[in-house]
Amino acid sequence: MTAVSQRVGVPLETRLAVEDFLVDEALLLDDRRFDEWFELFTDDLVYQAPVRVTAKRGHEEIVDTIFHFDESKQSLGLRVRRLGTDVAWAEDPPSVTRHYVSNVRVTQADAPGELVVRAYVLLYRSRGDRGLHDMISYVRWDVLRPSGSSFQIARRRAVLDQAVLGTKNLAIFL
Amino acid sequence: MTAVSQRVGVPLETRLAVEDFLVDEALLLDDRRFDEWFELFTDDLVYQAPVRVTAKRGHEEIVDTIFHFDESKQSLGLRVRRLGTDVAWAEDPPSVTRHYVSNVRVTQADAPGELVVRAYVLLYRSRGDRGLHDMISYVRWDVLRPSGSSFQIARRRAVLDQAVLGTKNLAIFL
Amino acid sequence: MTAVSQRVGVPLETRLAVEDFLVDEALLLDDRRFDEWFELFTDDLVYQAPVRVTAKRGHEEIVDTIFHFDESKQSLGLRVRRLGTDVAWAEDPPSVTRHYVSNVRVTQADAPGELVVRAYVLLYRSRGDRGLHDMISYVRWDVLRPSGSSFQIARRRAVLDQAVLGTKNLAIFL
Amino acid sequence: MNIFSSADPAERLLASVQPEAAKIPAHIHTDPEIYRLEMKRVFGRVWLFVAHESEIPERGNWVVRDMGEQNVIVSRGEDGQLRVFLNSCRHRGMKLACEDRGTGKSWRCPYHGFTYNNSGNFVGAPYQREAYPEGIDREGLQLIEARCESYAGLVFATFNANAEPLDDFLGELRWYLDILVGRAEFEVVGVPQRWIVPTAWKLPAENFASDAYHTVTTHAFLAKLGLVKGVDFGKIGYHVVPAGGHGLGIGTQEEGPWYPAELRAEYESRLSLDQLALMDRIKNFHGNVFPNMSFLIPNVIEIAGKRVTGMTIRQWQPIAPDQIQALSWHLVEKNAPDWWKELGRKTYVQTFGSSGMFEQDDTENWELQTRNSLSSLSFDEPVLLDYRMGMGGVPMTDFAGPGEVYEGKYSEAAARGFYRRWLDLMLAEK
Amino acid sequence: MNIFSSADPAERLLASVQPEAAKIPAHIHTDPEIYRLEMKRVFGRVWLFVAHESEIPERGNWVVRDMGEQNVIVSRGEDGQLRVFLNSCRHRGMKLACEDRGTGKSWRCPYHGFTYNNSGNFVGAPYQREAYPEGIDREGLQLIEARCESYAGLVFATFNANAEPLDDFLGELRWYLDILVGRAEFEVVGVPQRWIVPTAWKLPAENFASDAYHTVTTHAFLAKLGLVKGVDFGKIGYHVVPAGGHGLGIGTQEEGPWYPAELRAEYESRLSLDQLALMDRIKNFHGNVFPNMSFLIPNVIEIAGKRVTGMTIRQWQPIAPDQIQALSWHLVEKNAPDWWKELGRKTYVQTFGSSGMFEQDDTENWELQTRNSLSSLSFDEPVLLDYRMGMGGVPMTDFAGPGEVYEGKYSEAAARGFYRRWLDLMLAEK
Amino acid sequence: MNIFSSADPAERLLASVQPEAAKIPAHIHTDPEIYRLEMKRVFGRVWLFVAHESEIPERGNWVVRDMGEQNVIVSRGEDGQLRVFLNSCRHRGMKLACEDRGTGKSWRCPYHGFTYNNSGNFVGAPYQREAYPEGIDREGLQLIEARCESYAGLVFATFNANAEPLDDFLGELRWYLDILVGRAEFEVVGVPQRWIVPTAWKLPAENFASDAYHTVTTHAFLAKLGLVKGVDFGKIGYHVVPAGGHGLGIGTQEEGPWYPAELRAEYESRLSLDQLALMDRIKNFHGNVFPNMSFLIPNVIEIAGKRVTGMTIRQWQPIAPDQIQALSWHLVEKNAPDWWKELGRKTYVQTFGSSGMFEQDDTENWELQTRNSLSSLSFDEPVLLDYRMGMGGVPMTDFAGPGEVYEGKYSEAAARGFYRRWLDLMLAEK
Ligand code: FES
Ligand code: FES
Ligand code: FES
Ligand SMILES: [Fe+3]
Ligand SMILES: [Fe+3]
Ligand SMILES: [Fe+3]
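Chains as they are written, first to last, in the numbering used here: chain B, 1 to 174; chain D, 1 to 174; chain S, 1 to 174; chain Z, 1 to 430; chain A, 1 to 430; chain G, 1 to 430.
These are calculated hints, taken from the structure and not from any lab test.
Treat the hints with care, as some may be off.
With a Cα cut of at most 35 Å, we get these calculated DSBU-like pairs of lysine-lysine [to be verified]:
| id | chain 1 | residue 1 | chain 2 | residue 2 |
| --- | --- | --- | --- | --- |
| 1 | A | K334 | B | K56 |
| 2 | A | K224 | B | K73 |
| 3 | S | K73 | G | K334 |
Produce the entire structure from the sequences given, and follow the hints as far as they go.
Quick look at the structure:
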């Protein structure tokens with residue numbers, strides 16, 4: 001992970017534009033406008049969520065050989081297309097989700113023009129008719145590329161904060 | 001809802017002023033300074049929280065003919081005055097609340113000078129002596145009007161993220 | 001607490017720098033880089049978390065004679081050093097934490113150059129192998145002093161939102 | 001003798017629940033064994049409210065509801081008839097309807113695709129011939145159906161084949177339900193609000209059935225804010241104990257009717273003179289249909305010079321010994337003028353329902369009674385609650401309506417009746 | 001007769017569970033008393049899957065797993081032998097291993113420092129002489145050990161001293177496990193994904209053992225997206241009922257093998273000709289090792305012109321009557337080419353596991369079946385689920401593999417076998 | 001024989017709990033039936049700590065506490081007398097006091113306004129005459145009162161009318177409580193910290209009563225950080241087993257007293273020479289008042305050259321079989337100099353209480369013991385925990401204090417005594 005110190009600042013406008021971008025992305029997900037959401041990713045997308053294990057301090061906590069998500073633009077597209085059918089039972093009726101994005105930090109990536117964006121995401125998912133909900137917490141590392149007046153996401157790495165996930169499935173996006 | 005695309009930016013100062021305004025409003029609520037909070041609303045206020053139903057994808061999820069809150073400035077005032085009495089048992093001892101405001105998006109409204117402000121709110125409510133809490137999640141659409149050095153709220157629409165609310169009552173404000 | 005009204009604004013750069021500082025501090029905690037985190041505090045640090053009681057409206061809710069944390073730089077250092085040993089069982093394997101910082105408000109302190117920073121913090125703590133988690137909610141009042149290109153924390157007051165804490169211990173930092 | 005030592009919960013009840021002596025042990029509200037027994041012997045035996053007819057006006061309309069712990073579909077068939085089915089596929093028990101409401105001629109199970117029409121008949125499954133070489137048992141795959149009857153637009157159902165007809169179940173209460181929802185054509189406004197309340201289900205039920213007295217204290221803010229004159233707005237009127245465990249309270253005023261004159265004709269066409277006379281004197285009107293459906297015309301209050309109220313019916317749906325799902329419907333006269341509909345809705349939302357200023361205070365009481373009830377389980381002897389209010393009162397002889405009626409609303413007679421009916425059911429083997 | 005009235009849960013079962021009549025009462029999935037009994041009589045009696053050998057390849061390696069409600073350490077000792085210990089200190093029951101996995105010669109208890117080597121022997125405690133003047137009972141402090149045996153790399157354990165050998169327990173299923181995980185050297189990719197699913201544990205088990213039929217409906221998206229031709233991709237093949245409550249389904253295709261040619265030689269060296277012939281025709285391959293370990297070669301799908309699949313084994317670990325911890329491992333042939341490993345992993349993640357497009361739909365069904373099962377508890381008579389699919393079908397006589405085998409995958413015979421075994425165990429006193 | 005097969009939990013206990021043989025079955029910590037029985041037979045029978053007198057110094061002061069599952073008000077009446085009332089209105093069981101503490105002459109129920117003075121007498125209700133035409137039963141509406149006695153500022157209560165006097169209940173322990181809280185006038189600093197710990201209540205109780213041995217391992221950081229010399233800081237001293245299930249451990253040092261000289265005179269005026277001599281040698285001092293009140297003078301540590309400690313008493317309030325509410329009070333000598341009060345408070349917060357560096361490690365152990373205890377329920381035979389430490393040791397004959405006293409702190413004798421008392425209570429019919 002980017003050490004806190006070795007960070008290069010970005011122009012104020014960029015920073016705020018990125019924050020707007022993340023907020024708008026969250027709305028697309030929470031409004032379930034998946035087709036529009038899908039457009040936010042570059043064709044060479046790598047979208048991964050590695051698996052966490054409970055380990056002693058100083059030992060490997062994140063296993064990077066197996067994933068909860070391990071997506072290319074193509075495979076992500078398949079998931080989005082599936083949700084477009086009328087037989088995607090898992091999310092029909094859909095969960096109500098709310099992606100709370102905070103602790104955003106924008107820095108220059110090594111590749112010119114690219115940005116590294118770190119954010120904390122608290123994902124609220126309402127469940128069933130008993131007033132219950134799940135809370136899915138994770139930290140996200142994105143690589144953004146300028147695209148027109150906005151950005152596209154070229155890399156997404158979401159590290160979930162549980163070794164055993166407290167939600168019935170990941171039929172939603174991180 | 002305002003489509004993500006068709007949004008008109010606002011000056012940086014405005015944007016930050018609005019964020020400050022929302023943060024200060026949250027503090028007034030969480031400090032239970034309801035009289036001061038009440039001052040933040042215009043006289044022609046419309047403050048509504050419609051009811052959600054669990055529906056198949058593509059079907060109506062929000063029922064806009066019945067509400068959890070359906071307030072005018074006058075009726076909201078009645079609620080505030082009630083909390084000022086020494087017989088408002090429901091919230092005495094009061095819940096401890098914390099309104100986490102994030103995903104704020106500020107845009108120009110059609111009416112000149114007015115702003116449309118979208119925000120995600122995660123409302124923490126601590127309950128009883130068993131270490132329990134409720135989490136009330138909703139998205140809020142406000143219409144703000146400039147007022148002196150700050151703003152006033154002319155419209156508030158809060159859409160809760162549960163069809164069956166997981167909190168014992170809404171004796172608190174959204 | 002600082003009344004919402006009597007607040008003096010701060011330059012935009014300062015405000016954003018403070019937000020970055022808080023976000024980076026959260027990452028240090030959540031990455032468990034406690035030694036680096038410890039460096040963020042001044043030598044005359046006062047770090048306190050008073051105890052809350054359930055009281056009728058208008059009565060004392062916060063007891064300021066006993067604390068969940070009552071730290072000086074020296075005593076905080078002892079806690080940090082303890083976590084550096086290989087026998088700090090309580091947090092080994094450690095909880096996964098995520099400090100969600102929002103509702104940040106930066107104002108001038110009375111002492112020249114010092115800043116008063118109010119923030120809401122929602123602390124997610126993942127627990128055990130049953131998909132459970134704790135949510136610890138509190139409001140934080142910091143006093144920041146400029147230090148080099150960044151800041152140092154001279155005072156921290158964290159007021160927890162529960163009278164009976166719903167987490168097994170405070171082996172973590174607020 | 002330690003009544004808790006008895007292994008059989010029914011025995012424990014017999015030994016401690018004394019409705020006529022006005023002593024009710026606190027533990028019955030949250031004892032898990034009693035709760036399990038209630039699900040069978042109370043909710044499995046009597047008629048339960050499931051919907052208002054206006055919620056499913058068209059053929060093919062349906063809503064999903066709970067009957068005790070059973071999740072059911074309340075549906076209007078192609079023949080216009082109302083039917084109630086267990087929302088459980090006859091194959092391997094998946095839910096047929098996963099959403100709150102819908103419209104259609106049939107349900108297709110999302111698991112294996114078994115399909116049922118809205119008369120409850122099995123109509124087909126994929127690759128039926130390959131899967132069931134001996135043929136599929138169409139009759140055996142009929143949906144499990146509950147009996148369904150309605151009164152004055154209120155739809156009830158029961159899985160008990162031996163239950164008396166709904167009319168007999170409601171009995172003397174009908175005269176009052178006529179006034180409540182029979183006086184005009186009513187419609188549900190939108191959908192019911194639903195939320196989870198940490199209370200045992202009987203506490204709100206007894207409160208609506210019998211408890212006018214709490215308004216003095218619990219809802220004292222009403223007087224404080226000058227919305228009514230004096231704290232005793234719940235005192236004058238009648239306390240009514242119909243047979244069968246139902247109960248209601250009728251607050252009266254003499255300033256004449258507050259409802260829109262436009263509705264008068266419809267009322268007249270549907271009510272007897274006695275009923276109409278009472279209607280015109282109503283100031284508030286609350287009650288409970290045994291076991292867990294309550295109704296209310298909230299106390300008329302003055303807002304901006306207008307006398308207003310917003311009517312509601314609600315269900316206290318048990319989901320655990322110490323937890324319910326509250327469903328709260330707002331109803332209004334279909335033919336009422338718009339200004340009245342608007343005003344009624346706003347008044348309802350402000351006074352009752354999820355954010356209602358009255359409801360808030362009530363939920364607080366029920367939650368803490370429930371907490372204390374839990375703790376009473378660890379005493380050797382039961383903690384007895386006191387229901388003696390109004391004992392020794394003499395029933396009126398000149399009141400027009402049926403049932404045992406008392407002058408003045410401060411009484412717990414209806415609560416005593418509620419627990420008598422409850423105890424009889426709990427002690428009855430099938 | 002009210003079968004629920006019987007105090008003894010076993011009696012209730014005898015009266016209502018009828019595997020041969022294909023009637024299974026819904027309540028057995030969530031009745032708390034039945035769950036408690038299952039933990040002893042099912043999970044306390046039979047062999048339970050705990051790990052794949054490749055997870056602890058080296059001496060000193062260990063992983064922490066659950067066996068029913070018991071938390072255990074699965075360890076490879078210094079002698080290379082696999083052992084399974086209750087993860088509970090013999091002193092006062094603290095956990096010895098608090099992390100998911102590790103490597104070492106011994107465990108030191110964090111509470112008082114009692115130390116055990118990875119053969120399960122107590123090796124010391126601090127200030128032993130002062131603390132135990134009479135000397136410490138080393139033998140009495142041996143770790144509680146379960147029997148541990150493995151087959152084709154699958155490690156099983158049981159705390160039942162009288163259990164038959166693992167080979168006998170697996171019996172006819174072994175011929176199929178050879179194909180599944182014996183055809184080559186397999187390795188677990190990374191670690192199992194783990195997540196909590198609100199389902200009773202038997203529902204996913206029966207689904208993998210016996211339910212090819214649901215794919216038509218539940219996984220209809222597959223055809224919708226053109227990833228397979230036709231919705232009946234789960235129809236052609238074999239339904240297999242080995243003795244002992246296990247079950248599997250084998251989907252077949254005739255376009256020849258889809259696995260990398262590089263692996264052919266290894267397969268040949270490990271499989272019989274019959275097994276190899278079947279392997280080459282596999283299109284999908286799912287099953288359940290009684291009680292709660294399932295396996296799957298997901299239906300081969302076409303992605304970017306390639307025919308791919310990603311194999312998984314999983315465990316439905318009960319943690320409450322209505323809740324499991326799902327563990328899902330991805331396995332791949334150790335000697336496979338990298339492109340296949342990469343593709344297999346991506347396909348696995350996309351189809352099954354925590355975010356898998358198939359798994360999502362399955363979890364939805366199981367959750368709602370579980371909800372309905374809970375509610376069925378409050379009926380007098382049990383709500384009977386229907387398992388008659390495939391009844392009257394005639395077992396094949398010319399199939400190469402053992403067990404009762406049916407042509408065509410649409411059947412619930414294996415589920416009937418699952419519940420027969422389950423019932424026998426539940427009714428057996430030790 | 002399967003001890004779990006017995007229907008009667010008491011029988012199960014008799015068959016498996018063997019304090020003298022130092023074998024305690026793990027399941028007793030979390031078996032729900034045993035928990036229910038404990039609430040009656042242990043928490044319903046013995047004296048329970050409810051408050052320190054300094055928390056309610058003035059007439060009219062009161063605090064709300066729990067006694068087992070009962071919520072109570074601990075109040076100082078107008079006559080200065082301490083009384084304990086069930087926090088439950090005699091009308092219909094609403095809580096009278098909804099806040100943690102207060103001051104006043106009476107409580108008014110928020111539901112219907114029944115009012116009680118702080119001697120527990122009913123003093124009135126709104127519209128009493130109208131509501132109770134036959135008059136209201138003032139006597140029958142007295143608050144349910146527990147017996148209340150105090151010793152050395154520690155206030156205890158019990159709902160058991162037949163309990164022995166508090167002095168007899170504390171018995172030999174009193175000599176040590178004199179040292180703990182009798183040596184000076186103490187006051188609670190602020191309020192107790194409260195938090196929820198996922199542990200069975202007996203685990204922390206036995207730890208404080210009897211477990212000096214765990215400090216070597218669990219609190220090893222102390223030595224690591226050089227706050228003490230050597231890991232065996234918990235070894236030297238005395239292990240004390242007073243009659244009645246209480247227990248304590250006294251660590252000693254010979255460098256003389258560490259408390260402020262200013263307090264010496266007060267100590268002398270309140271302690272015997274023997275007690276004073278022991279006080280001057282104390283290095284740490286921990287124990288448990290049966291069943292669930294613990295006390296502690298944490299091991300004196302050196303911070304910034306000063307020898308410091310911060311005293312605490314705590315209660316392990318059961319709220320579920322596997323969950324407690326921990327209450328932790330910090331006490332200090334009222335007449336101590338400010339620097340000592342300041343130092344004591346900071347040291348307390350740093351070492352014990354919600355964020356205490358010691359407490360953290362302890363909670364971790366208790367949580368995981370509890371988890372393992374839960375799982376042990378599904379074995380046929382109980383998983384036996386080992387309490388043999390210190391067996392064969394010979395009690396001292398020349399120790400000044402009462403009770404069975406052993407030289408050296410490493411022993412589980414007090415835990416054996418704890419479980420003997422517990423078992424006797426659990427097996428005793430009323
Ligand atoms: S469960 Fe409904 S079709 Fe199988
Ligand atoms: S519990 Fe393991 S050493 Fe004591
Ligand atoms: S419950 Fe207290 S006055 Fe009625
Ligand atoms: Fe009320
Ligand atoms: Fe499937
Ligand atoms: Fe300790």
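Hint check results:
1. For the proposed pair K334/A and K56/B, the alpha carbon gap of about 28 Å is at most 35 Å, so the pair holds.
2. Between K224/A and K73/B the CA atoms are separated by roughly 20 Å; this keeps the pair inside 35 Å, and the hint holds.
3. A threshold of 35 Å between alpha carbons decides the hint, and for K73/S with K334/G the separation of about 28 Å falls inside it, so the pair holds.
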